[in-house]
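Trainee: In case you want the letters, here they are:
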Amino acid sequence: VSTLVSIVVSGLVLAAEMGLIVLSFSLTFRAIGFANFAQVQFVTIGAMVAVALSYVMPLWASVPIAMVAAGLVAVGFDLLIFRRIWGASVGSKMIISAGLSLFLLAVGQYFWGVNPRIYAHGVEGIVIAGQGIGYDKLVVIFIGVVVVLAFHLMMRKTVAGRLIRATADSNELLEARGISSRAVVTGVWFIAGSIAALGGALLGIETSVSPSLSTVILIPMFAGAVLGGLGSTMGAIVGTLVYSFGQALLLEVDFGSPFGTSWRFPLAYQSVLPFVILIAVLAIRPTGLFGSPENRA
Amino acid sequence: MSQVIITGLIGGMIYALVALSLNLQYGFTGLVNFGQVMFFAIGAYGVATAQAHGLPDWVGIVGGIGGGVLGGCVLAAFSHLQEGFWALVSLGVASFFLTIVNNTPWIAGGPLGTYGISLWSTSSLLYLLPLTIAVVLVFLERLQRSQFGRVIRAVRDDQVLVQSIGRSLIRFRSVVLVLAGAIGAMGGVFYAHWIGFVSPDAFGLSITLLIFVMVILGGPGNNWGVLIGVAIVQTFSISLQFLPSASLSAGNLALLQESIYALSLIVLLMFRRQGLWPERRRRYATAAG
Chain A
1 VSTLVSIVVS
11 GLVLAAEMGL
21 IVLSFSLTFR
31 AIGFANFAQV
41 QFVTIGAMVA
51 VALSYVMPLW
61 ASVPIAMVAA
71 GLVAVGFDLL
81 IFRRIWGASV
91 GSKMIISAGL
101 SLFLLAVGQY
111 FWGVNPRIYA
121 HGVEGIVIAG
131 QGIGYDKLVV
141 IFIGVVVVLA
151 FHLMMRKTVA
161 GRLIRATADS
171 NELLEARGIS
181 SRAVVTGVWF
191 IAGSIAALGG
201 ALLGIETSVS
211 PSLSTVILIP
221 MFAGAVLGGL
231 GSTMGAIVGT
241 LVYSFGQALL
251 LEVDFGSPFG
261 TSWRFPLAYQ
271 SVLPFVILIA
281 VLAIRPTGLF
291 GSPENRA
Chain B
298 MSQVIITGLI
308 GGMIYALVAL
318 SLNLQYGFTG
328 LVNFGQVMFF
338 AIGAYGVATA
348 QAHGLPDWVG
358 IVGGIGGGVL
368 GGCVLAAFSH
378 LQEGFWALVS
388 LGVASFFLTI
398 VNNTPWIAGG
408 PLGTYGISLW
418 STSSLLYLLP
428 LTIAVVLVFL
438 ERLQRSQFGR
448 VIRAVRDDQV
458 LVQSIGRSLI
468 RFRSVVLVLA
478 GAIGAMGGVF
488 YAHWIGFVSP
498 DAFGLSITLL
508 IFVMVILGGP
518 GNNWGVLIGV
528 AIVQTFSISL
538 QFLPSASLSA
548 GNLALLQESI
558 YALSLIVLLM
568 FRRQGLWPER
578 RRRYATAAG
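Here the protein sequences line up with chains A and B, keeping their order.
Take the first sequence: its position 68, counting from 1, is numbered 68 in the working numbering, and each next residue is one higher.
To get the working numbering, take the position in the second sequence, counting from 1, and add 297.
Keep in mind that a hint or two might mislead.
[To be verified] Reference listing, derived: stretches of chain B covered by chain A, where coverage requires no fewer than 3 residues with Cβ under 8 Å from a Cβ of chain A:
1. 368–379
2. 391–398
3. 502–508
4. 554–562
Since the hints were made in silico from the structure, they are not lab data.
Just so we're clear, the structure is a prediction, and the values are computed from it rather than from any experiment.
All C-beta atoms, glycine included, are put in the ideal place defined by N, C-alpha and C.
Produce the entire structure from the sequences given, and follow the hints as far as they go.
Mentor: Right, dumping it as structure tokens:
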């Protein structure tokens with residue numbers, strides 16, 4: 001039972017953290033039409049700001065500040081770069097975003113250094129079915145669920161959500177109604193930047209934070225998004241859930257036990273999993289679980 | 298001083314092979330290969346693997362270039378995908394390859410790498426490399442002027458046109474990837490025999506970025522422009538080493554270098570996508586004039 005609890009909890013925690021990151025990535029993908037490498041930098045900025053501020057203020061204050069900061073950075077790069085390359089090819093846009101990502105990584109390493117840091121606050125825990133579980137894990141899962149639900153309601157029930165969906169589907173139609181699609185896209189950047197930052201701040205609770213966090217989560221982010229279907233925000237969540245539980249199962253289960261032996265997936269190859277998922281999904285079903293054929297990478 | 302120039306020259310010529318390979322994919326065919334460093338790494342790992350298992354040098358050379366062809370075949374298997382999807386695959390495949398060699402000590406020493414690869418003397422590198430580049434260049438220039446060259450440029454510029462004249466996008470992209478894999482791997486073979494040591498640290502995403510800067514600065518689709526791009530970037534990196542050592546630590550120098558490359562990539566693609574020496578586009582007479 002304790003193995004099961006630990007699989008469920010670690011799967012849910014990973015899904016909550018990565019789910020927010022993948023959600024933000026898919027949201028920008030839907031609005032701007034290409035895979036934005038720099039999304040991982042909004043995650044890292046959020047994590048770094050939240051951790052740095054945690055030494056001078058409580059988390060409930062530092063995390064929202066980190067979200068706003070990353071959202072503003074995202075809007076800044078929209079104004080500075082992304083809205084100026086609207087007509088460029090998908091490939092050029094991807095190279096530009098990769099360049100931006102590596103630029104921000106270098107800047108981050110200059111100012112932050114390479115040392116990982118952790119939150120100032122300690123962590124307490126409870127015990128479920130003989131398995132010690134930190135409150136932090138429960139908080140992460142709770143925040144993840146709440147934000148995803150809130151996001152879903154916003155997209156479906158509010159005017160802002162309708163505008164975002166309309167922009168993704170047809171700019172011309174929106175402009176014909178006298179609404180600036182560029183303003184909507186700028187809004188999308190802010191929302192996506194802050195959700196990415198929240199994901200980063202939560203990741204920081206589980207691990208430590210340094211600029212190279214961005215490098216670590218890049219391919220898992222792509223893999224989760226592609227698995228769910230690029231551009232589908234619902235798919236982002238389902239894709240990440242499948243991905244996280246798949247990974248937790250693969251690592252925690254002793255595959256040899258039905259045969260009376262013991263064989264576990266070698267930990268050394270754990271880092272290969274996201275690459276395999278990314279390649280396999282694009283080989284078998286490029287639109288993922290929920291992507292529509294019109295969505296282009 | 299002269300030692301630095303020779304080192305820069307040999308390094309530059311090795312980059313030139315990798316850059317010509319990327320130019321064939323990106324400049325001519327429109328394939329955005331985010332895993333270009335993989336071809337380079339495969340060449341080096343062919344040599345390193347042969348060394349680690351006590352096989353003769355020629356096995357490593359053949360294996361390295363053959364491995365590049367194989368890597369090209371793997372990427373070719375995805376050439377039916379749209380531009381952006383294929384770019385993601387190229388990154389995924391390269392990361393996969395590098396993680397496997399990093400975590401499997403049996404192949405070539407894992408994270409510790411392989412030492413003791415037979416060194417080729419500077420003088421032999423100084424004639425072997427220009428010779429190889431010349432052969433590759435003549436081949437690429439002839440290829441570019443041939444019908445094959447016209448079709449791959451059409452693959453880049455107008456895919457519907459290519460399909461409407463009954464040509465297979467997939468086949469042309471595949472041939473390009475196999476050729477580019479072999480050319481890029483040649484750079485890796487030379488690298489291994491030049492440095493004598495191969496480890497995973499030498500092959501990060503930042504190398505791919507560097508190669509992209511060289512190609513886009515010089516002129517995508519123009520082999521000569523790309524060679525000038527390689528020369529400019531390489532001269533710049535070498536001259537950075539002459540900065541007064543007190544002003545910057547080695548780590549910060551590397552960061553400065555990377556941020557300049559990343560920034561120039563953004564600026565070039567935003568304001569001068571065709572590079573400094575753009576591809577010369579041939580005009581064809583049309584009925585409409």
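Trainee: Count the residues of the stretch 554–562 of chain B whose CB lies closer than 8 Å to any CB of chain A, then report whether that count reaches three.
Mentor: holds (count 6)
Trainee: Taking 8 Å as the C-beta cutoff, is the stated coverage of the stretch 368–379 of chain B by chain A satisfied by three or more residues?
Mentor: As far as the stretch 368–379 of chain B goes, the hint holds, because 4 residues have Cβ atoms under 8 Å from chain A.
Trainee: Please count how many residues of the stretch 391–398 of chain B have a CB within 8 Å of a CB from chain A and say whether that reaches 3.
Mentor: With 4 residues closer than 8 Å to chain A, the stretch 391–398 of chain B meets the three-residue bar; holds.
Trainee: Within the stretch 502–508 of chain B, is the number of residues with a Cβ closer than 8 Å to a Cβ of chain A three or more?
Mentor: It holds: at least three residues are needed, and the stretch 502–508 of chain B offers 3 whose Cβ sits within less than 8 Å of chain A.
Hint check: no violations occur; every hint is consistent with the structure.
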